[in-house]
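Each chain, letter by letter, is given below.
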Amino acid sequence: MNTPHTAPNASRPDLLDAATLSQLGGIELIAREVVEGFLMGLHRSPHRGFSAEFAELRAYQAGDDLRYIDWRMFGRSDRYYVKQFEEETNLRAHLLVDVSKSMGWSSDPGVLPPKLWYAKHLAASLALILLRQGDSVGMAAFHDIVVERVRARGGRRQWAELTHHLAALEASEGTSAERAIRDLAIRLKRRGLVILLSDLLVRPEETLTALKFLRHHGHEVLVFHLLDPGERELPPVSEARFFDPETNDELLVSIPDIRNEYRAAVADALEEWRNNLRPHGIDYHVLETDQPLSSALRTYLRKRERLG
Amino acid sequence: MGFLNPLFLFTGLVIGVPVFLHLFHRQKTRRLSFPALRYLERTEREHAKEIRIRQLLLLLIRIMVLLFLVGAGARIFIEGRGSSHPPTAVVLIVDNSMSSGLVVGESRVLDELKEIAVTSLEASSTEDQFWVLRAGEPWLPSFPGRTSEARAIVESTETSDARGDLAGSLERAAGILRTASFKHREIHLISDLQASAFPARGESPAGDIPVVVWSSRQSLSQNHAITGVSVGGGLPPLEGDKTEITVYALENSNDTTPLSIRLIVNEQMRGVTQVPPGSASATTLAANASGWIRGYVDADPDALRTDDRRYFAYHSRPAPRVATTGDIGLFATEAISVLESADRLRSVSPREAEVLITGMGVSLDILPLSASVLVTPPSDPTLLPGLNRRLANEGIPWRYSARPRTGSAILGGRNLPDPLENVRIERWYDLELSDDLETPSRTLAEVSNDAWAVQGTDTRGRPYLLVASALDVSSTSLPVSTGMVRFIDWVANEWAGTGMGHTDYEAGDELSAPRAATHVRFPYGEEFEIDGTRVVRGTSEVGFYDFLNSDSILDVVALNSPIAESRLEKLSPEAILTQIGERARPANDRTEWSREVFGQRQGPELWWPLLLVTIILLGIESLVASAGRVDRGVTRTANTS
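These protein sequence lines are chains A and B, in that order.
Quick note: the first sequence uses numbering that gives the first Met the number 0, first residue 0, plus one each step.
Quick note: the second sequence uses numbering that gives the first Met the number 0, first residue 0, plus one each step.
For reference, chain B alone in the conformation it holds in the complex:
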């Protein structure tokens, strides 16, 4: 038994006050002169027992009436699994990440998930409040609404090409519900429960809020996917050079059939190749003239179509102009020399440079506004204050901490550039973000959970890349690895935007707009003005994002499907409890789902039977109160005759 409106019980206390006063403060009643007291005494004497019984009965009835009214007002209900429930705040997390586009049978997974969400909404009452979060589009705001509004959002939900972070969505949902002024709160997680959607976290993301989890018995099918495309092995071709396009296919333990891959460049098919699952295959691409090169590799469509295509883009142009200042280390200097001899770059003075590689931040102040800069710290920490001062002068918000850290760790991170893979770091400085400057930045490489390489734009709009270690052998294995030359080439060409476009972005990532860009064109053709944050969000679609200044294309970013979404491994029932928490209530089918949602489901409300009984009691009360009012034949006329 429970109450839908328990606050009304306090009203009962308020109503009880006069009853209490009536029962226990009788001495405060009026004092009246009454000569015929003997008649009253006689009445009391003759009817004492009858009166006492009637008084007790009336008291009992009135207390019952009071209790029933309070019970009705508090909307008492019987515990049980009835059709109604107390007002509940619900966050519906609809997983519309890329994997929800998987076609199973004749329908998409998302269609089934939407139907489950509608089942929740149909079980709701008008007093419930809903928020709808779309796991594949976490940047979308969520507003509270009633059932009809939530239903409209659910029905308009379409598959996003972005990755779904269910743990993040659960945290966000819990945050929303904690601010909701509802006693009863629930999260309805409606997802295909991809294991990759739950990055390892320390604690239950939803906290103590119950989570009803849709856990379909349907297993996810095996998926063929292109997980990567690399142009020139990470060294994009210069104007007039031919190059290699390398295609990577997702591993598939059950099906080793090679994928038939087509190479499309500038809307023309330029090659065909076969790639076995879990392998890579390279195709030669003939030299292209100057300009932006857009292309994609395409496999035969399967049940999950988004990851059957992967986009790339690069700028075919002459070798970039690179300048160096300060002590950048012997190995970096040698790498530049090698690249120059291979016509991958041209050495120039800082005033003419498109890319500056500096060891101490020297010449930052004379660098052209269109240039980019790579900053490497000195191995001697005593030189850091000078470097930090120059960074601050140029509006770069990062600082090197004075005390270097030592250890041994391999670089990692979601956005790790190819040339930095398997690079070991043994000495580095902590990169600290200054609170004074708020310009967007992004971590490209991490060591032991510390940022090792960060990029952003300074206050003048020039892109910068800071690494946390000096490029010497005592700090990192990079100088003596094959990645050194590739890294410098990557910096000069790909990262600086002077050569290849970006290939490591995934749908859903935020994109930093180039300094001169005024608009961005999304893959579906619509253009948006770049706002003051200079960050483009809502990139839910794979394809090419063109940054424009008037009609000029300044940059082209190719966004591809998240690799994690292509791995259709499902979370095991045991892992559901581990990942979501003990308060997770999995439901395997719609009947079970209907039973599990609104866990505070209650039996029928009793307000109307209580009111009915109250009316009956009031009738009885009237009868009891009027008992004895039967005319005993004593009338005024009779007495005066």
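The shape of chain A in the complex, shown without the other chains:
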């Protein structure tokens, strides 16, 4: 059967760039459209968590849902066993969103959304996929401290809860990621997946230590390094006085003289992050905010598959 030929992006919002995507509507709508489009494009369903396929039995524990008691085994053994399906093996994911002032920056305001917008929509999309898989999803937002936190839960309401909180996030203050990460590591009782969405304009050593600390607590860690295209390439002006919106530090720069060196310095910095994180089993990915969200979602799926 022939399917009508349409432009790929028309039915695949996940392939739209962030600037176009931001025109579609609110965070819930965008995240849903992105995820639907993304899932539609997958050749193989990743919905292991949605499978009701029986996996094994385990002894009943207080609090287990009575609906899953295997009455046959009860008849045979007079003991309560609970059917355990594949969805029972789903993990707890924690979305850690950087809301420092630098995340609110865009190199082309009005056209290109800020990094925080990208982070919020990516977090919402990831949450939707996670929840559809039957995973539990929690969220924490931080700058110098954790400013917002949603406990990890599953279910439809959780996504609504998450998107509600994500939509309300605003960029402010500086970034001290290590403190927030340590705080989160202490609070998380069960091991799970921690996804960090940040521009990583932080103190690298301390942040690295915090991420390793998180890893030592048994968490899988996935770092999305959000990068505005304007941070990779300096603007096309001859000379400018740049200032850091977080610290208000200034630097007078003759751009043509250092353009190439700057490009190399950014590349070196990203490479350093990768080299420092990878030996500790921390996945690191750079996302430029003019890229479609599908790229990040695909990265997540690969990670999720490895986790089993």
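Hints are computed from structural coordinates only; laboratory data are not their basis.
Note that this is a predicted model, so its numbers are computed, not measured.
One or more of the hints may lead you astray.
[Stated by the list, open to error] Computed far set for chain A versus chain B, every beta-carbon distance over 12 Å:
#1 Leu-28
#2 Arg-71
#3 Asp-77
#4 Arg-131
#5 Val-146
#6 Arg-148
#7 His-164
#8 Arg-178
#9 Arg-181
#10 Ala-184
#11 Leu-187
#12 His-215
#13 Asn-275
[Said to hold, decoys possible] Here are the simulated distance ranges between beta carbons:
#14 B/Val-612 x A/Gly-109: 45 to 51 Å
#15 B/Arg-29 x A/Gly-109: 15 to 21 Å
#16 B/Glu-49 x A/Arg-150: 50 to 56 Å
#17 A/Leu-251 x B/Asp-207: 52 to 58 Å
#18 B/Glu-126 x A/Leu-251: 45 to 51 Å
#19 B/Glu-126 x A/Asp-107: 53 to 59 Å
We put the beta carbon where it would ideally sit given N, CA and C, even for glycine.
Use these hints to put chain B onto chain A, whose structure you have.
Below, chain B alone, put in the same frame as chain A:
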């Protein structure tokens, strides 16, 4: 090193403004929010030295590019004697005076001078501007032109029979160049450098303008010339009288061979005589009938032909009618009586007179319009106001000053009539020209640089002659000299135009037209209408100038070659500097001339090497500016994978 277009250097200053602002006003740059400042700091930290060196290198290259562009635009050149020179305003003074007609070898001096002028023109550039002055024809206007136009003028230049005043030409050239909007100015004086062409002057005629002087090594040859011809010893013959023609020859220290002179009158040879150089010889001329008598004396032609012939003309007619009024003095009255008894004039009343001799300007108002008048002042200064009033009434622009001057001086002047030679003046009045009336006048005699005898025409067209002294023994030696009778006769006959024509005019002189004349016929036959100035200019040819009214000849003026031009003494090299000034640069041969002209001669211009270097520098600048742009393997794909 110099600049052909130095004003362009100011452009360099204008271009330098943004550079200055760029270097010293950096605080006015844009302020941009940029969270990734740490990457910039890291860049600065890691590449500070490299960046600084490259910035300095780029700054250096850009400044050099700027300087080279400004240098190229200002047309920088190396000092030296190259083939090019900055735009120069040049006045070519080509001496085509009578002496330039001297034939040396097989060519005229003028031909050589023209070739030298062409040498100057060939060394010129298209940016030069030329004026051509012809020293023998100073009345010709000169207009600025380019090389081709100047060359056409030079090539069309022919010898004039007039005298060359090189000092005057230099002054005129300097005046032209001072108004020229050129930084570099030169005068090229191309002359045979006759000493007589430089009348004594107080200061350098060209001022501070450099003068390249053609000073040929060729010496001027000895010249035979007729320097004068006199009819009747200054008393022209009346109708039916025979007379004497006296011929004067130029002195010649090296050659005493007498000149063979032929006397031609009305196209017929009337006599032959021999005149040794520096001497005079008289030949009798038989009586002629009434009418204009034209003649000339002619010697064998030599290298300078113009001065081998001398023209004369007079009007053979009855004795003129002369009247006297006022107190003209005893001696003048006696002289008139003598002349009347010799049938040289006839005494009549003022109403019938052709010539009036008046002591107080009396009867000027009743004088016929065709008459001429000689005015002598009274010895009593208190009578002068009355005389001055009558002069003013008749439209004569001269006034006698009230206070007489005393001294002792011999009359002089270029136009001094023969009867006034060696006359001593001891008391005279200053003759002052009124600003109210502008009628042409001419000074005939001078005493101590003051005009003593002036002539002109009043507003009614009557010729007048004013003398500055009373004709008495306390004022002048004239009354008691042999010249007194001759002077009165000269006034009544020659000057008044009633008798002899004019013999003391030289080619180049301005001629006052008689009142009734409508046209003038030049020696080569062409007739010109007399304009409102009543003055005929451009008399560059010797011969007879006929003043006409319809077909009637009113006057005939014989113009002869200037005597000074016959004296071929050359200015010495030392005198060149004295006469022309310290800025004179003599050149003896063509090679030297080519080297001396365009003194601001320069070496090659450097604009094209500068542009070439600039292009190379811009290439280097691009390389330096793009240094480090080599892809370090960091791509977007690599980072996002």
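Distance restraint hint 52 to 58 Å, applied to the beta-carbon atoms of A/Leu-251 and B/Asp-207: For A/Leu-251 and B/Asp-207 the Cβ distance comes to about 56 Å; the hint holds.
12 Å Cβ clearance of A/Arg-131 from chain B: Consistent with the label, A/Arg-131 stays out of reach of chain B, its closest Cβ about 25 Å off (over 12 Å).
Minimum Cβ-Cβ distance from A/Leu-28 to chain B exceeds 12 Å: Per Cβ check, A/Leu-28 is outside 12 Å of chain B; nearest 26 Å; holds.
Interface-negative label, A/Val-146 against chain B, beta-carbon threshold 12 Å: The claim stands: A/Val-146 keeps its Cβ more than 12 Å from every Cβ of chain B (closest is about 18 Å).
Check on A/Arg-181 being off the interface with chain B, judged by Cβ distance over 12 Å: holds, 22 Å
Cβ separation of B/Val-612 and A/Gly-109, checked against the hinted range 45 to 51 Å: Given a distance of about 47 Å, which is inside 45 to 51 Å, the answer is holds.
Range agreement (Cβ of A/Gly-109 with Cβ of B/Arg-29, hint 15 to 21 Å): holds, 18 Å
Beyond 12 Å from every chain B Cβ - status for A/Leu-187: holds, 28 Å
Supplied distance hint 50 to 56 Å, evaluated on CB atoms of B/Glu-49 and A/Arg-150: About 52 Å separates the Cβ atoms of B/Glu-49 and A/Arg-150, which means 50 to 56 Å holds.
Status of the stated non-contact between A/His-164 and chain B (beta carbon gap over 12 Å): With a cut-off of 12 Å, A/His-164 remains clear of chain B, as the shortest Cβ separation is near 24 Å.
No chain B beta carbon within 12 Å of A/Arg-148's: holds, 24 Å
Least C-beta distance from A/Asp-77 to chain B larger than 12 Å: holds, 56 Å
In summary, the structure agrees with every hint in the numbered list given earlier.
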